[in-house]
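Chains as they are written, first to last, in numbering that gives the first Met the number 0: chain R, 0 to 264; chain X, 0 to 355.
Please note that the accuracy of each hint is not assured.
[Said to hold, decoys possible] Here are a few chain X residues that face chain R, going by a calculated C-beta distance under 8 Å:
1) Gly77
2) Val78
3) Ser82
It should be emphasised that the hints constitute simulated quantities derived from the structure, not laboratory data. Beta carbons: idealized from backbone N, C-alpha and C, even for Gly.
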Amino acid sequence: MIPAAARRWLGAFTFLACLCAVAPVLVIVIESFTSANYVAFPPPGLSVKWYLETIKRPEFVDSMIVSLAVALGTSAASTALGTLTAIALVRHSFRGRRMLQSLFAMPLSLPGLIFGLALLQFITLRNLPVNGWAILVAHVVITMPFAIRFVSVALLGVSPSLELAARSLGASPWRAFRLVTLPLIRPGIVASLVFAFILSFDEVAASLFVSTPTAMTLPVRIYVYIDQNYDPLITAISSVLVFAAAAALAVIEKTVGMGRLFGLK
Amino acid sequence: MAHIELKDVCKRYGDVTAVAQLSLRVEPGEFLALLGPSGCGKTTTLQMLAGFVEPSSGEIAIGARPMRGVPPHRRNIGVMFQSYALFPHLSVFDNVAFGLKMRRMAAADIAARVGRALDLVRLAGMEQRYPRELSGGQQQRVALARAIVIEPSVLLLDEPLSNLDASLREHMRFEIREIQRRVGITTVFVTHDQGEAMAVADRMAVMSQGRIRQLGTASQIYESPADVFVAAFIGQANLLRGRAARRGDGAAELALADGTAVAVRRAGPAWREGPATLALRPEDLRLAGERQPGLNQLPATVTRVNYLGSTLNIGLRAGEQDLTVLAPRDACRPAEGDRVYACWPDTAGTLLMEDA
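Go ahead and model the full structure; you've got the sequences and the hints to work with.
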């Protein structure tokens, strides 16, 4: 039991922490609805003209499409590979399993900038084309540790004897997996899909190195743009990213619940 | 009804031998218990029957059909797991129907057979419940219904009662036996609980270190254990060590370490002269205040008396030897420290050779 005074302090601290996390983003979102031609807070008037302006800028629309395509591809590829990897790491024992577990977690501790640089060198040294596929590869590497983690946690909660029971009842290995294990690890798979999507959609560091003028993700496009300009256009585009992430989180909350995802419940 | 035949079956994991040269025949409709301490190979044997584990060598046949290379889903077996392994995301109906759906049976037939199976385990009306909404005993009945509804050629039970509390366990062991008898299915039951094995099985195989030490009915094994391990594992046994020798009248005589000689008339055909152990059940021993002519006896001191309701469990110390005596409660109750004689007729006990 936490004493009442401590609880008040704890409440104030939590409020401050949330404020620091949310307030700057909220400011950007409010600014994006400005009617002025300069960035100001609070905005002198409200309009959606900067959102309409965004649609008229082909480079931003193209980047939006690249980002969406890469994020969807990353989400699917990373979750598929992550699920297969998790099954091997959780359900089978073999020599070097612990080493592989660490190896698959390594991209988590690798700075994105360094990874992007290394990937760019790898691609150019082998005369491979730098295009949207390079970004996809980069994002799959970055998001796979999360996919493996989410699916592993889900798999650990499913007793292996369930699949054996299904096998004894006449289910082939694939049907046993599809009818028993897969429905039970679905929360982990949904979490992996959504998280890989968000991470990919927001990724800057590695994407900077493998983006080209024709294949550039939206965050990189924003970064390049504010290097030269500073107007409400950028707040509108940034807000689109925020809305996309919020929508993805809403999907998780509806299907799995954020608390369960991080093992809080 | 199918019989099961295991012939020289071995299972090795690296350097560890889990099952060694196991041969066994389970008759059609028989209820056989594989009994032994953990690590004796009983679960590995069951997993080889189910097809979850492939034997390193040897042959397994179910109903005369060789099982080498046959995956679990083509064996037509019913398995009941220690943890029940019910599918948590499926209702009771769908759990029981799972095996029938795998067999692509028509929906109407499935409903009829699931209904009959749930009637059999007295769970009619529970079809739409989920496993988490059921008690342990109910979950276990669903697991049993799911295993037998597919009309398997054999039923394999892996410690199915060990997760239940004591009173329910007692009840369920007879219920399982009753259902098995009614369905008439060949059954192999793995347990470490000798009381459970004795209560339900037609025959039991006592296993240790990957081998069957003795195969027989409960009374054969209890009354004539094959070796010291079986004698000590099944029920309680007082083990008197000494040297066996032939007496003038042809009966055996065991010379104990302190020089006392005891006569053994039920020596069994395998006995010979040499180091041996006499296994005596606690209920074979009687207490007496003075020497009893015509009986084997050891002078002893009472070290403890436990009242168990229907019986008294009395601990004795005779020289270097600890003895346990199970006496009816109407027998005179000795006190701690009393000097008594532990007596038994020469027809009691089993003489076991040391190296057997």
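Each hint, compared with the structure:
no., hint, in the structure
1, Gly77, "holds, 7 Å"
2, Val78, "holds, 4 Å"
3, Ser82, "holds, 6 Å"
Against the hints set out earlier in the document, no violation occurs for any number.
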